[in-house]
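Based on the provided sequences and hints, a complete structural model is requested.
Note that the protein sequences, when read in sequence, are chains A and B.
Our numbering numbers the first residue of the first sequence as 1 and each following residue consecutively.
Our numbering numbers the first residue of the second sequence as 1 and each following residue consecutively.
Calculated directly from the structure, the hints in this document are not laboratory data.
Only true hints are included.
Derived contacts from chain B toward chain A, CB cut-off under 7 Å, selection only:
hint : residue
1    : Tyr-42
2    : Ala-64
3    : Leu-68
4    : Ala-90
5    : Val-91
6    : His-94
7    : Glu-117
8    : Asp-130
Quick caveat, the model's predicted, so the values are computed rather than measured.
Virtual Cβ for every residue (Gly too), placed ideally from N, Cα, C.
2 protein chains.
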Amino acid sequence: MAKHLTTRKQDYSKWYNELVVKADLAQNSGVRGSMVIKPYGYAIWEKLQQELDRRFKETGHENAYFPLFIPKSYFNKEASHVEGFAKECAVVTHYRLKNDPVSKDIIVDPDAKLEEELIVRPTSETIIWDTYRDWIQSYRDLPILVNQWANVVRWEMRTRLFLRTSEFLWQEGHTAHATEQEAIEEAEQMMNVYADFAEKFMAIPVIKGVKSVNERFAGAIETYCIEALMQDGKALQAGTSHFLGQNFAKAFDVKFQDQDGKVKHVWATSWGVSTRLMGALVMTHSDDNGLVLPPNLAPIQVVIVPIYKGMEELERVSVVANEIVAELRALGISVKFDNRDTYKPGWKFNEYELKGVPIRIAIGPRDLEKGVVEVARRDTLEKESLATQGLGGKIKNLLTQMQQNLYQKALDFREENTHRADSWEEFVDIIENKAGFVYAHWDGTPETEEEIKTKTKATIRCIPLDAKKEIGKCILTGKPSERRVVFARAY
Amino acid sequence: MAKHLTTRKQDYSKWYNELVVKADLAQNSGVRGSMVIKPYGYAIWEKLQQELDRRFKETGHENAYFPLFIPKSYFNKEASHVEGFAKECAVVTHYRLKNDPVSKDIIVDPDAKLEEELIVRPTSETIIWDTYRDWIQSYRDLPILVNQWANVVRWEMRTRLFLRTSEFLWQEGHTAHATEQEAIEEAEQMMNVYADFAEKFMAIPVIKGVKSVNERFAGAIETYCIEALMQDGKALQAGTSHFLGQNFAKAFDVKFQDQDGKVKHVWATSWGVSTRLMGALVMTHSDDNGLVLPPNLAPIQVVIVPIYKGMEELERVSVVANEIVAELRALGISVKFDNRDTYKPGWKFNEYELKGVPIRIAIGPRDLEKGVVEVARRDTLEKESLATQGLGGKIKNLLTQMQQNLYQKALDFREENTHRADSWEEFVDIIENKAGFVYAHWDGTPETEEEIKTKTKATIRCIPLDAKKEIGKCILTGKPSERRVVFARAY
Numbered sequence: 001m002a003k004h005l006t007t008r009k010q011d012y013s014k015w016y017n018e019l020v021v022k023a024d025l026a027q028n029s030g031v032r033g034s035m036v037i038k039p040y041g042y043a044i045w046e047k048l049q050q051e052l053d054r055r056f057k058e059t060g061h062e063n064a065y066f067p068l069f070i071p072k073s074y075f076n077k078e079a080s081h082v083e084g085f086a087k088e089c090a091v092v093t094h095y096r097l098k099n100d101p102v103s104k105d106i107i108v109d110p111d112a113k114l115e116e117e118l119i120v121r122p123t124s125e126t127i128i129w130d131t132y133r134d135w136i137q138s139y140r141d142l143p144i145l146v147n148q149w150a151n152v153v154r155w156e157m158r159t160r161l162f163l164r165t166s167e168f169l170w171q172e173g174h175t176a177h178a179t180e181q182e183a184i185e186e187a188e189q190m191m192n193v194y195a196d197f198a199e200k201f202m203a204i205p206v207i208k209g210v211k212s213v214n215e216r217f218a219g220a221i222e223t224y225c226i227e228a229l230m231q232d233g234k235a236l237q238a239g240t241s242h243f244l245g246q247n248f249a250k251a252f253d254v255k256f257q258d259q260d261g262k263v264k265h266v267w268a269t270s271w272g273v274s275t276r277l278m279g280a281l282v283m284t285h286s287d288d289n290g291l292v293l294p295p296n297l298a299p300i301q302v303v304i305v306p307i308y309k310g311m312e313e314l315e316r317v318s319v320v321a322n323e324i325v326a327e328l329r330a331l332g333i334s335v336k337f338d339n340r341d342t343y344k345p346g347w348k349f350n351e352y353e354l355k356g357v358p359i360r361i362a363i364g365p366r367d368l369e370k371g372v373v374e375v376a377r378r379d380t381l382e383k384e385s386l387a388t389q390g391l392g393g394k395i396k397n398l399l400t401q402m403q404q405n406l407y408q409k410a411l412d413f414r415e416e417n418t419h420r421a422d423s424w425e426e427f428v429d430i431i432e433n434k435a436g437f438v439y440a441h442w443d444g445t446p447e448t449e450e451e452i453k454t455k456t457k458a459t460i461r462c463i464p465l466d467a468k469k470e471i472g473k474c475i476l477t478g479k480p481s482e483r484r485v486v487f488a489r490a491y
Numbered sequence: 001m002a003k004h005l006t007t008r009k010q011d012y013s014k015w016y017n018e019l020v021v022k023a024d025l026a027q028n029s030g031v032r033g034s035m036v037i038k039p040y041g042y043a044i045w046e047k048l049q050q051e052l053d054r055r056f057k058e059t060g061h062e063n064a065y066f067p068l069f070i071p072k073s074y075f076n077k078e079a080s081h082v083e084g085f086a087k088e089c090a091v092v093t094h095y096r097l098k099n100d101p102v103s104k105d106i107i108v109d110p111d112a113k114l115e116e117e118l119i120v121r122p123t124s125e126t127i128i129w130d131t132y133r134d135w136i137q138s139y140r141d142l143p144i145l146v147n148q149w150a151n152v153v154r155w156e157m158r159t160r161l162f163l164r165t166s167e168f169l170w171q172e173g174h175t176a177h178a179t180e181q182e183a184i185e186e187a188e189q190m191m192n193v194y195a196d197f198a199e200k201f202m203a204i205p206v207i208k209g210v211k212s213v214n215e216r217f218a219g220a221i222e223t224y225c226i227e228a229l230m231q232d233g234k235a236l237q238a239g240t241s242h243f244l245g246q247n248f249a250k251a252f253d254v255k256f257q258d259q260d261g262k263v264k265h266v267w268a269t270s271w272g273v274s275t276r277l278m279g280a281l282v283m284t285h286s287d288d289n290g291l292v293l294p295p296n297l298a299p300i301q302v303v304i305v306p307i308y309k310g311m312e313e314l315e316r317v318s319v320v321a322n323e324i325v326a327e328l329r330a331l332g333i334s335v336k337f338d339n340r341d342t343y344k345p346g347w348k349f350n351e352y353e354l355k356g357v358p359i360r361i362a363i364g365p366r367d368l369e370k371g372v373v374e375v376a377r378r379d380t381l382e383k384e385s386l387a388t389q390g391l392g393g394k395i396k397n398l399l400t401q402m403q404q405n406l407y408q409k410a411l412d413f414r415e416e417n418t419h420r421a422d423s424w425e426e427f428v429d430i431i432e433n434k435a436g437f438v439y440a441h442w443d444g445t446p447e448t449e450e451e452i453k454t455k456t457k458a459t460i461r462c463i464p465l466d467a468k469k470e471i472g473k474c475i476l477t478g479k480p481s482e483r484r485v486v487f488a489r490a491y
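Written out as structure tokens, the structure reads:
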């Protein structure tokens, strides 16, 4: 197991790409822009999924499944939506192949051309609102609180594993409400569900806010988001929740008879997170030795590696190891005893460090005599000798501590890399030389935002929900501003 | 809630279609051949998924995810596979749309034509074996035991909800082994996992067997299957497990260095079940009043309906209802107290009968005085009055009983509809007038099978694994045969 990762300092981007592949999370496939999510990466994704799914159901949502293909004409119905999504997409034009009588190769059968092309869903608002028209007649049919776990495709020219791939996995919630107020509350609730999940479960601190007009979802009235900061000082949008107003209800003619007897258009939200979260996870916690996983997300939380010469020693070590396995499992901790004889302990140490297993326990014959084991934690790389007696409780506490420590470490990093800029020079200096989040005044116009982006590659990540009113001047134009917004270069 | 289902006797096919829609399981979408799985149907599918996933993991499998799109050329690599799958499929030819300068509509951008067309996966052997080439070098990398939950597309001209749709959901296991023997054992193991799942969890009795050459999976050496019998006497293939030999390893050049130092091709299996199981579920247990669900699969196992006049009575009933809810939940039973004031009890009775909720508890003011509740079971439609005292334990037992009863009922039905035919006349008479499974002798040739199919629409469902050696004569040709095989008309 030669790991030899490029360090973060040498080349952050290369470090990320290597780590994702070497830690067995994902790899590029033979299909341009599409990745293979390997079993170890998928096991982490399943943990994310299960916890999110639990939180969605706890807030009253149900899962359903809608078609992969969307007729081209559906996209035409919502004007801003088509601009945002229907352009870079996979288009199905035929439904049959045949043998070429000359070359004997299989070719597309020209006789099997579809009357109307089908788009592989880039997002499902159109097909879902086309369906909701059947589901909604009366106020009694509302709210509809539905989520879908699905694959989506957005044609991307420059792709990176997890962060930007043509096909990715995600969940998309689509809700329908009788009133504007209820829909806004739903959109805000789901942003809060995402934020709490990111912080408590993934140990990733996030800023909650709303997007500027330029960065809004195509078809939304308001886009709520959570923004995280990666170790290279670039921001990553980790989840979005959209208040869609009545745009899709009007486009797809979805109305209901209200309690007052009047027929009204339905109010909508949509919200989603994707396998991009896997990228955020890697880039928030990992180090030059490999992956670092918060215990909540680790498929293997504890690995036990025996140190031995000969079968007799292995047998003696195994007795204790198996007792520890049983004790930890009884405490709900996932544990692996790696007694493979085909690899040396040093190889195994490297392997589990690279894969981010939170705790490694090493047991040798001398430890047995003393009644201790060596416990190494992945986050700080510290080792200590702990008594075998009562080990379970200590490991359990340590896992809780590590989960908190990783969050605190990420939070400290974010605080250290959050700046205030009060002039254009200061702003440019920070963006160029320090990176991180920059709180600065902005005059509120899309033109100014666009110009700042062109000049510095920094965008407005969000207008933070907790922003205090503060009179100031736009860093670019000097025009008046009432609050600071958050700028950063972003993934 | 007007249910008015067509009865099974009137028109079995119509009954099925109506039931699937009226019980809120699924509906057709605006996209030809693609269905929408509604929340209630999806909740049942989730229960199937979770239990299957648990059984896969218990037998050592891990999940992963492979690309939706497969380059056309991949299909060319395995000759029989391309014949079976690459023909009726969705073909992606372009990756961009644009505004038509004249009509202003969005049209396919002719400049964005793919160099090589992409096929939306009908099954993933090709893309997965293309990936396994990277994963496998040594015997130490084997076995690979991977499963994928995914959507697949096979272009279908005549579609039916769950039974045959262009897009469907499924799982596909793909394993790689060092020896032929190990791969055969894996394929057999997974057939057994499917059979046990169908019988114990879904209460659907199945025959285990192997397919004849005509019915084999395209690219397989042997296809194992489980076959179930529907209430109209037609068979339904509920799951298949394939021993693929070295076909895909050779097509994609996947080799390993064995312990003896020699380089060899890898041995393969694949196995899958799909949302088709939802169709099998509906058609095995349901009746003219609607869906009947085995308790294991019911999203709501018990519903409590209050019978009351005025709020004061509702309050008194609710006290007892809430106690029962708490008691049942503590026993791990999913229960819903439907206290909606917007619907009458009769409407609710119909609704839950239609949706197959296993147990309905009705509570009125008179019941309160007597300390009893009315318990109705969905499978037999029987009602009885039970003491509120100790109700939880009784309900739990009743659910277990109902699960067993549904299996026994389906097994009895199958036995009654399983026949032996010893002459062509007898065979045709049974197929035409009785339906069901027919055990008959066959000479073992594809030609005879094909002729029987043309004449009677009956196919060989399988050569049962438990078939005893029995000398006989083929019902069509009179040629010698060593065992009976199972014929039926099938979905």
